[in-house]
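Going down the list, the protein sequences come from chains A and B. So the first sequence is numbered by the numbering used here: it starts at 2 and just counts up by one. So the second sequence is numbered by the numbering used here: it starts at 2 and just counts up by one.
If you're looking for bench data, these hints aren't it; they were derived computationally from the structure. Nothing false has been slipped in among the hints.
A pair holds if it fits inside one copy or across any two, identical chains being indistinguishable in the list.
Dumping the calculated DSS-like pairs for lysine-lysine here, alpha-carbon to alpha-carbon at most 25 Å: (1) K102 - K172; (2) K35 - K72; (3) K102 - K72; (4) K123 - K43; (5) K168 - K43; (6) K108 - K123; (7) K123 - K168.
Computed from a predicted model, the values in this text were never measured in an experiment.
There are 2 protein chains.
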Amino acid sequence: MAAAAPPPPTVPAELNMDLPTSYPLFTRIRLAAKPDVPVIHKMIHQMAVFERLSDQCSATEPSLAATLFSKNNPFESFTVFLIEASTTPFPSSSSTGVNHKFIPIHKTLNLDLPISDPESEKFTSSTMEDDVIVAGFVLFFPNYSTFLAKPGFYIEDLFVRESYRRKGLGKMLLSAVAKQAVAMGYGRVEWVVLDWNVNAIKFYEQMGADVMQEWRVCRLTGDALQGYATASGTDGLDLI
Amino acid sequence: MAAAAPPPPTVPAELNMDLPTSYPLFTRIRLAAKPDVPVIHKMIHQMAVFERLSDQCSATEPSLAATLFSKNNPFESFTVFLIEASTTPFPSSSSTGVNHKFIPIHKTLNLDLPISDPESEKFTSSTMEDDVIVAGFVLFFPNYSTFLAKPGFYIEDLFVRESYRRKGLGKMLLSAVAKQAVAMGYGRVEWVVLDWNVNAIKFYEQMGADVMQEWRVCRLTGDALQGYATASGTDGLDLI
Numbered sequence: 002m003a004a005a006a007p008p009p010p011t012v013p014a015e016l017n018m019d020l021p022t023s024y025p026l027f028t029r030i031r032l033a034a035k036p037d038v039p040v041i042h043k044m045i046h047q048m049a050v051f052e053r054l055s056d057q058c059s060a061t062e063p064s065l066a067a068t069l070f071s072k073n074n075p076f077e078s079f080t081v082f083l084i085e086a087s088t089t090p091f092p093s094s095s096s097t098g099v100n101h102k103f104i105p106i107h108k109t110l111n112l113d114l115p116i117s118d119p120e121s122e123k124f125t126s127s128t129m130e131d132d133v134i135v136a137g138f139v140l141f142f143p144n145y146s147t148f149l150a151k152p153g154f155y156i157e158d159l160f161v162r163e164s165y166r167r168k169g170l171g172k173m174l175l176s177a178v179a180k181q182a183v184a185m186g187y188g189r190v191e192w193v194v195l196d197w198n199v200n201a202i203k204f205y206e207q208m209g210a211d212v213m214q215e216w217r218v219c220r221l222t223g224d225a226l227q228g229y230a231t232a233s234g235t236d237g238l239d240l241i
Numbered sequence: 002m003a004a005a006a007p008p009p010p011t012v013p014a015e016l017n018m019d020l021p022t023s024y025p026l027f028t029r030i031r032l033a034a035k036p037d038v039p040v041i042h043k044m045i046h047q048m049a050v051f052e053r054l055s056d057q058c059s060a061t062e063p064s065l066a067a068t069l070f071s072k073n074n075p076f077e078s079f080t081v082f083l084i085e086a087s088t089t090p091f092p093s094s095s096s097t098g099v100n101h102k103f104i105p106i107h108k109t110l111n112l113d114l115p116i117s118d119p120e121s122e123k124f125t126s127s128t129m130e131d132d133v134i135v136a137g138f139v140l141f142f143p144n145y146s147t148f149l150a151k152p153g154f155y156i157e158d159l160f161v162r163e164s165y166r167r168k169g170l171g172k173m174l175l176s177a178v179a180k181q182a183v184a185m186g187y188g189r190v191e192w193v194v195l196d197w198n199v200n201a202i203k204f205y206e207q208m209g210a211d212v213m214q215e216w217r218v219c220r221l222t223g224d225a226l227q228g229y230a231t232a233s234g235t236d237g238l239d240l241i
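I would like the entire structure built from these sequences, with the hints used as guidance.
In structure tokens, the structure reads:
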């Protein structure tokens, strides 16, 4: 003798009125190319301001254009993913931004509040689609582990514009790089974080990353690097 | 009226007998290529033993051969310099090991004692020249600074075999990378060091490097990385 199933719970109509209205935000991650240099340049400078390192940032549009996207093969050299946002859906069959090496990743977010982006006009996508705004970027390139005998990716920069923060876009960019690494059979994704940036460290650990406490980055740059120009193989530097 | 110049100082003959006898060691830094994979493989495993990380080293000759030297252009991807040593001079007009992109660097060291290298037969140079032994290597590849809008080099590994240590070979390898970076107009050379390795840190600071105390390396690898394979663009991971 089967017991009668209880009736399914119902949500009273009056409670529905209290639920927050949802604002969809359509996002797309795609490979950047030369026409995107102006927005990338603006974001690099915003990142420098955010990090209080503006004095160290000498990137210009021409210098970026001269050093990025000169190779035909993304992922083999310096590579940029852009994350773009729109309040209207991206055409599903859109060929815009498609590169044979990477199929754009689409995701729809449901926000409690609409995005307020006072700089949207400065960050219009180079694809010229209506209402498509560049919200962030990640710049990465191959590295190599001799122990694994495998390439990996090193993430140099990950940046989300202020109006789009705390909505998961940074995680989506990092995930896109990790997914690409797995797809290529790579062994690692690495980056650096400032030791006092506890929120970032927590975020990265939640992403599955190990924060290596014992390693320190060594950097040879500026005059110290230029000094090696004149050190020939035969006179060289003093031996130690 | 000119004063008579003092006679030049002379070294008494009997003192000369106390001067140490000098043993010349001829060295050459050249680009590595596929035929060098076996010795590179042996050195990577010696390095893992030295760092007590043998359990993390899964590199094999085939896996290294499959991932190194597949590009025609050195410096644009993973690049290895070998330092080789000989007790007899390298032919000055030798074309061996010459790549159009890099002219080998020769330097003669004068040692107080001859090198005793019990493993010399295992490390014979792939160039098949007489009495040329591989003594160490450096593996590096391009990285990129968005602030400088310039590439640089990242040094993944620098290793000198035990019999050849404390003779300046590590410095010669690091200098060769720095010099190449300057020649290419690059902005930085970077690497990492363990924070407890005070001798290495002192050495790098003497080389002109800054040791960045605040940065920590984050690494996503193994199962944590593989987990991203199944995270699609639409389901993804939970947003934070």
